Amino acid sequence: MNDFLLIFRRDANFDMQLTPAQMQEVTKPWQDWMGGLAAQNRLANSGARLATDGKVVKSDGVITNGPYVEVKEALGGFIIIRAASLEEAAELSKGCPILATGGTVEVRQIVPMQ
Amino acid sequence: MLNDQLLPNLYRTEYRKIVAVLARLFGFEHIQIAEDIAGDTFLLATETWAKKLPENPAAWLYTVAKNKAKDHLKHNAIFTQKVSPAIQLENAQSSELEIDLSEENINDSQLQMMFAICQPIIPAEAQIGLALRILCGFGIDEIAYAFLSNKETINKRLFRAKEKLRDEQVKIEFPNANEINKRLETVLLTLYLLFNEGYYSSSGNINLRRDLCLEAMRLNHLLVSNKATDLPAVNALFALMCFHASRFDARMDKDGEIVIYDEQDTSLWNDELISRGTNYLILASRGEQLSRYHIEATIAYWHTKKEDSAEKWENILQLYNKLLILEYSPMAALNRTYALAKADGKEKAIVEAEKLTQLKDSHLYHSLLGYLYTGIDKSMALQHLQRAFKLAKNKGERNRIKKNIEALD
Chain A
326 MNDFLLIFRR DANFDMQLTP AQMQEVTKPW QDWMGGLAAQ NRLANSGARL ATDGKVVKSD
386 GVITNGPYVE VKEALGGFII IRAASLEEAA ELSKGCPILA TGGTVEVRQI VPMQ
Chain B
430 MLNDQLLPNL YRTEYRKIVA VLARLFGFEH IQIAEDIAGD TFLLATETWA KKLPENPAAW
490 LYTVAKNKAK DHLKHNAIFT QKVSPAIQLE NAQSSELEID LSEENINDSQ LQMMFAICQP
550 IIPAEAQIGL ALRILCGFGI DEIAYAFLSN KETINKRLFR AKEKLRDEQV KIEFPNANEI
610 NKRLETVLLT LYLLFNEGYY SSSGNINLRR DLCLEAMRLN HLLVSNKATD LPAVNALFAL
670 MCFHASRFDA RMDKDGEIVI YDEQDTSLWN DELISRGTNY LILASRGEQL SRYHIEATIA
730 YWHTKKEDSA EKWENILQLY NKLLILEYSP MAALNRTYAL AKADGKEKAI VEAEKLTQLK
790 DSHLYHSLLG YLYTGIDKSM ALQHLQRAFK LAKNKGERNR IKKNIEALD
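Protein chains in written order, with the numbering used here: chain A, 326 to 439; chain B, 430 to 838.
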């Protein structure tokens, strides 16, 4: 088994302002999906959700507000799972709720420390 | 006349107190001496009480134990040289050695002993064994029975554990304030496992199993009753034990067979323990920390609700999700899938259950799949129940699976 980082990307204009009821509606599929991965003992790290605001620090010292001018998709969060191969990790990502709202999951193997 | 039950009862309640107080006085490295003195005290009681029972038996035990401890200090030169100077610093003269068997000192000594025994440097089962022997006054034969083992194995295990603790120069003392959370983790885990040993073990002795649970609760209660250790996770674990214990009478039939949750007579659930558990769960919700005991206690809280509702099972499902995300365990994986069936239907649960391939050698896993396929696909249900029957470890489990197979027709 190796560890794989799953990176969730979604529309940069995604509205984070939700009512509590909407929030619960959004949370359940995520909790169910992550609970399902954890039940298979595949969840290595429950990762984190990221705020929409961000800054980018460039090599010339200039700090800009977010990378979203150029990209349509913004990083929304990440988790780390355990899988036998990149293919299996991708297969396990299929149930991710971000896909239902048009987002994507990027799957990358974590290179073990030598 | 000597009542048959008097000595065993006193042994169960007083042996541990004498050992804790004396061991704290002598230091952990001399715990064997404390155990020997306590043992000799009870031996003398067995011999003399048959002729004349003292007016206050517990006070008699304390006095004899104190005298034996003083004699030991006087007559054992090596011991006196090594240990006594330290004690003498506190007690100007060793002949007036103060051995404090007040309730307060007994409780403090037992708490400190709990921290001394619950150390990650010895295996969990050795910690539980030592706790049962030293903190609960269980006999070696009872411990062997509880672990489905034999006296020789348990004796060896406890001997090795004590040796290890001595080598590591473990002290009988309270951990300091900034260490207490870390140290409590091990203590709580040991109490949790001790309780589970009684609650889930397959040993047939119902009284012994109940005693294990009650002892875990007593020790946990010592922790919530002390200011320094009255912390949220400690209250959460105590709440969890209260909720589980509330179903003692309902979860076992007269032959000692387990009655599953769905089939329990809810009028046998103990309301007093449920409301005690609820109070401690409220006390546990202070602060920011959410331990696995908080989650498990909240799951147990929802299980005390008698009405089956969508809200109940959705809450239980989400709590199992949280618990699994925090820490995987096969039991939580199975229970989560059961809750999913109750909350979102069997079809959805079957899809999730089929993914739990890591559990394919567990009879509980196939029992669950058998349950999920029942009413949906009879041949699949039969296949899984038969597999579960083959994998089941004891007669009670096989009987239950057999009943489910028969119910398919």
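No lab work stands behind these hints: they were computed from the structure. Be aware that one or more of the hints could be misleading.
Said to hold, decoys possible - Which chain B residues face chain A? A few, computed with CB under 10 Å, are given here:
| hint | residue |
| --- | --- |
| 1 | TRP742 |
| 2 | LEU746 |
| 3 | LEU763 |
| 4 | ASP773 |
| 5 | GLN787 |
| 6 | ASP790 |
Everything numeric in this text was worked out from a predicted model, so none of it was measured. Built from N, CA and C at the ideal position, the CB exists for glycine as well.
Against the structure, the hints:
1. TRP742: 13 Å, violated
2. LEU746: Holds - the Cβ of B/LEU746 comes within 10 Å of chain A, reaching about 8 Å at its closest.
3. LEU763: With a minimum Cβ separation of about 8 Å from chain A (threshold 10 Å), the hint on B/LEU763 holds.
4. ASP773: At 8 Å from the nearest chain A Cβ, B/ASP773 passes the 10 Å test, so the hint holds.
5. GLN787: 6 Å, holds
6. ASP790: Violated, about 14 Å.
In the structure shown, a violation is registered for the earlier hints numbered 1, 6, in ascending order.
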